[in-house]
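J.: The residues making up each chain are set out below.
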Amino acid sequence: VTRLLALVWPGLREPDADARPFERMLDALDDLSPRVEAVDVGVALVDVTGLTALWGPERRVAARAVMLVRTVAPLAVRCGIGDDRWLATLAARLARFERQDAPAAFGVLERAELRDLPLTLLPADPATRQRFALFGLTTMGQLADLPRSSVGAQFGAIGERLQALARGDDRRPIEPRRRPERVESSETFEMPLEGVGAAALTLRRLAADLCDRLRERHLAPGRAVLELRLEDAPDLRVAQPFPQPALEPDWIARLLLSRLEALAVARFASAGDDAEASVEPRVASVHLAFDRLSDPSATQLPAFEVQAGRWEELRWSLERIRHRFGDGRLWQAGVERPTAALAEHRFRLMELDR
Amino acid sequence: MRQTDAALAVALETLRARGLALRRGSDPEPMPERARPSVPTGHAALDAALGTGGWPRGSLALLDAPRGSGGTSLALGTLAAAQAAGGLAAWLDLDGTLDASVAARLGVRLEWLLVARPHDPAEAIELAAWLARSALLDVIVLDFGERGMLERRALDRFGSLLARSGATATLVLAPSARPVVGAVAGVRVALHRSAWLAVGRDLVGQRVTATVERHRWAQPGSSAELDLWFAEGRRIDDVLAVAAQPRLELARPALQVVSA
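Same order as they appear, the protein sequences are chains B and R. Per the working numbering, the very first residue in the first sequence carries number 1; after that it's consecutive. Per the working numbering, the very first residue in the second sequence carries number 1; after that it's consecutive.
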């Protein structure tokens, strides 16, 4: 017997909601169960089969899930438990908050309880709903009791699927997400380094260390997250996506350093009123992480193009140039209407990687 | 006598093998020619006139061309030739006057061309230095247009960086900053229009004389005559070549060379 817990955050389902905490909420749920599925933004399914032996009644399992996600963001959540995806999500939908400021609502739905529920709860299109009404069908029990062949004849495959749901029969399995993987390395200095530039060698060494670890597993990073803890200033943190997944410590270190220097100049130049007195931050530790790991052999360069490899390498330099000079400098041209009278209509310029 | 000649030949050969420059009695002393990697100009005659087989890498080359006398066309031809040899190129377009559709028609592959638009001449030189430092580009064209307020020190620094990197040939189009760039450039080529090329009443190109006025690695003073076709003219060029075949029994197309 499978037991699934559905979690629905109404606050994340709104069109203009900030969905950024959702990923971290899913990460938090990984501590409860290894099988967590992100159904949609603001909807998650957790396989809680057998967890009652560990945590007690299902309501306490759900309470633990709520506690974990509220450490990320204190958003109200509906929880529902059932034997399959349909029952669990419907249970969450029907759960009622006991008071207006309650952090969570909880509900359990068993198959037998479906019979009395209205057909409007089924995920049917308006036309099908109207036809159900024409046939006098108003509850799930009425639809479930009809012979499957008759429903198929009248309502087609959609009708058969809806009838299966009305009977509480949803065989779609849970598809657990793969936890995004990252590798990290860090270094703390007994004597703080004078200035961001002094961290270059450490950065190169950490990048080489991480690249070696990933090379053995035939993986390459697509992004680096670098954090510098500073002695007398707020920490510096940059998340730098790479032009393409690569295992080149030199390229990575140079790119990160250029980004870091641009950031340090922007922050510390504006901090002091006296532009002449440059403030060199003192670096206490460096933490480097690689994520968005992928198989680099999947990145296929265009065949028979001599320039392709060098162009890919050039893009790393161009990224550094963008950090140094800002946007709006580097472009690529493409012919648009070659016979147009005005030059500006004949081609267009596209900013690189925008 | 013959034995003396043979002995002299052996002695000369030995000296040559040791790398010593030899010259006959009253011949002028040639400039020391060193093997210099280069980027083809796209015109065999100019490659020969330059003596290094093209624009030398690791150096600035000034295209001293008044407006409309083929500087841009020659630079685009160089980009096309460099790309055909598997290279990458960048065009620093200060005035925003580069017409990419013309570049494409002159054989430039836009997918391997970086177009940079710096805000001022000083930034253009700094940006070119960053690009040259990568050593991944074969040619950089610095088109300053009419904004020629260049700082000599910045150009000097850029020149020495290019020489250290040694990978990139840099062409400079700067009609209004000729003296400053000319003093730093390793190569200076002057272009003068000698004739228009016309088919019927349509001008399809121009004939220019390219004179190597300065060359740090080869003998200056040579010149070459180049036919630079306008973007549409290039297509006519092919038609002319085919139509000129006698077996087609067509009247010879009326390519006229009109005195400029």
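Calculated directly from the structure, the hints in this document are not laboratory data. Errors might be hidden in some of the hints.
According to the in silico footprint, chain R covers these stretches of chain B (three or more CB under 8 Å from chain R) [to be verified]:
no., region
1, 38 to 51
2, 346 to 352
Pair by pair, the computed Cβ-Cβ distance ranges are [stated by the list, open to error]:
no., chain 1, residue 1, chain 2, residue 2, range
3, B, E312, R, S176, 35 to 45 Å
4, R, G166, B, G309, 54 to 64 Å
5, R, S176, B, S186, 52 to 62 Å
Idealized CB from N, CA, C, for every residue including glycine.
J.: Against each hint, give a clear statement of whether it holds in the structure.
T.: Each hint tested on the structure:
no., hint, verdict
1, 38 to 51, "violated (count 0)"
2, 346 to 352, "holds (count 4)"
3, B:E312 x R:S176: 35 to 45 Å, "holds, 37 Å"
4, R:G166 x B:G309: 54 to 64 Å, "violated, 20 Å"
5, R:S176 x B:S186: 52 to 62 Å, "holds, 54 Å"
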